[in-house]
Amino acid sequence: MRDEHLILRVVMKVLFAPIILFAFYVQFHGDYGPGGGFQAGVIFAVAFILHGLIYGVAATKRAMPQGVLSALMSIGLLLYTGTGALTMLLGRNLLAYDALAPNSTHHAGQHWGILIVEFGVGMTVAATMLTIFYHFSSREPEIRDEDW
Amino acid sequence: MTPSPGFAAAAGVLIDLALLTLLFIVAIQMLRSRQLFAIVMLSGIYSLLSAAFFVSLDAVDVAFTEAAVGAGISTVLMLAAMLLTVRREKPGTPGRAPVAFIAVLIVGAALVYASIDMPAFGDGASPANAYVGQQYVERTPDEIAMPNIVTAVLASYRGFDTMGETMVIFTAGLAVMLLLGVGSPRGGRAVRDVSRDEASRRRPSA
Numbered sequence: 001m002r003d004e005h006l007i008l009r010v011v012m013k014v015l016f017a018p019i020i021l022f023a024f025y026v027q028f029h030g031d032y033g034p035g036g037g038f039q040a041g042v043i044f045a046v047a048f049i050l051h052g053l054i055y056g057v058a059a060t061k062r063a064m065p066q067g068v069l070s071a072l073m074s075i076g077l078l079l080y081t082g083t084g085a086l087t088m089l090l091g092r093n094l095l096a097y098d099a100l101a102p103n104s105t106h107h108a109g110q111h112w113g114i115l116i117v118e119f120g121v122g123m124t125v126a127a128t129m130l131t132i133f134y135h136f137s138s139r140e141p142e143i144r145d146e147d148w
Numbered sequence: 001m002t003p004s005p006g007f008a009a010a011a012g013v014l015i016d017l018a019l020l021t022l023l024f025i026v027a028i029q030m031l032r033s034r035q036l037f038a039i040v041m042l043s044g045i046y047s048l049l050s051a052a053f054f055v056s057l058d059a060v061d062v063a064f065t066e067a068a069v070g071a072g073i074s075t076v077l078m079l080a081a082m083l084l085t086v087r088r089e090k091p092g093t094p095g096r097a098p099v100a101f102i103a104v105l106i107v108g109a110a111l112v113y114a115s116i117d118m119p120a121f122g123d124g125a126s127p128a129n130a131y132v133g134q135q136y137v138e139r140t141p142d143e144i145a146m147p148n149i150v151t152a153v154l155a156s157y158r159g160f161d162t163m164g165e166t167m168v169i170f171t172a173g174l175a176v177m178l179l180l181g182v183g184s185p186r187g188g189r190a191v192r193d194v195s196r197d198e199a200s201r202r203r204p205s206a
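Protein chains in written order, with our numbering: chain Y, 1 to 148; chain V, 1 to 206.
Extracted from the complex, chain Y is given alone in its bound form:
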């Protein structure tokens, strides 16, 4: 596997950073255009899945260990529920983001709330997708050449 698929490995190296960058663009541009946490999380995971398909899952696991993913999965969900709890502690309803900036004239609280919540969604989705991929694919080292 190491010496084969030279074109795939080179293309992967070129594409990896732009895919991650695009994921962050989709993540933080969701307020202004199509996108948001779900799509961004999937795109983020896709970069690592591509890496895993071409270099083998073992190499990807060294770059992004399962322990980190498990933590990210939980932290993402906690960011979401924590924002809800925070707005309740500030005396408003669950996820009533205006409580985050009550004196704002342009709904800054809504912007902050949606940004944080979407970031939590993105973290959970990316970590979960990659976790599922790890668990399915680590049972067989790689796609055999005759299957292409």
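For the record, the hints were derived by calculation from the structure and aren't laboratory data. Glycine residues also receive a C-beta, built at the ideal position from the N, C-alpha and C atoms. Honestly, I wouldn't trust all of these hints.
Stretch by stretch, here's where chain V covers chain Y in the computed footprint (C-beta under 8 angstroms, at least three residues) [as the list claims (entries may be wrong)]:
hint	segment
1	21-34
2	98-110
To give a feel for the contact side, a few chain V residues facing chain Y, derived at Cβ under 7 angstroms [stated by the list, open to error]:
hint	residue
3	ASP61
4	ALA68
5	VAL176
With chain Y held as given, fit chain V onto it using these hints.
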């Protein structure tokens, strides 16, 4: 030079027709194929074509999700799942075909009958566009002050829904971890169909 409205409408209809025809062909091909690898690839193509069709319906957010999740992640996960099983679908039992065919005919006829009552595409008075949908469109600039109304609905008006969806995804990941094992010595063990098939062949009496 800008195309005339009539030309643009005709081009839109042609694109829709082409996409729907391709969707139909891909679906038929998926039904006919017995190669699991080809079926997984065709389902990815099907998702990508649906995403293109959603774009032509101006539903860019849905199209984006379909392209990322349907054509991207699902295909990869199905490939990963396929590695754990055999490569070819088993031939079906032909005796049940008439019953299945009649059931499909009845359901299809019911769906066609229901589609007669559906509102026209883009109808402003349809239930989807009238009541709460209209309120979201009218109120978002004042209440949320956010250009993308889809995000405003998803993360603010229906933030509680989205929290549940995130929990569903979290639970799915948790379930896979519990079922397939994380960090356990058994989690990374390769499963081979060939050896199992050979083993069953060696013991014909069992």
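Hints and how they fare:
Counting residues of the segment 21-34 of chain Y whose C-beta lies closer than 8 angstroms to any C-beta of chain V gives 6; at least three are required, and the coverage claim holds. Closer than 8 angstroms: that is the beta-carbon criterion, and the segment 98-110 of chain Y has 3 residues meeting it against chain V, so the requirement of 3 holds. For ASP61/V, the shortest C-beta to C-beta distance to chain Y is roughly 5 angstroms, which falls under 7 angstroms, so the interface hint holds. Look at ALA68/V: its Cβ gets to within about 4 angstroms of chain Y, closer than 7 angstroms, so that hint holds up.
Restraint check, VAL176/V versus chain Y: the minimum CB separation of about 5 angstroms is within 7 angstroms; hint holds.
Every hint from the earlier list agrees with this structure, and none is contradicted.
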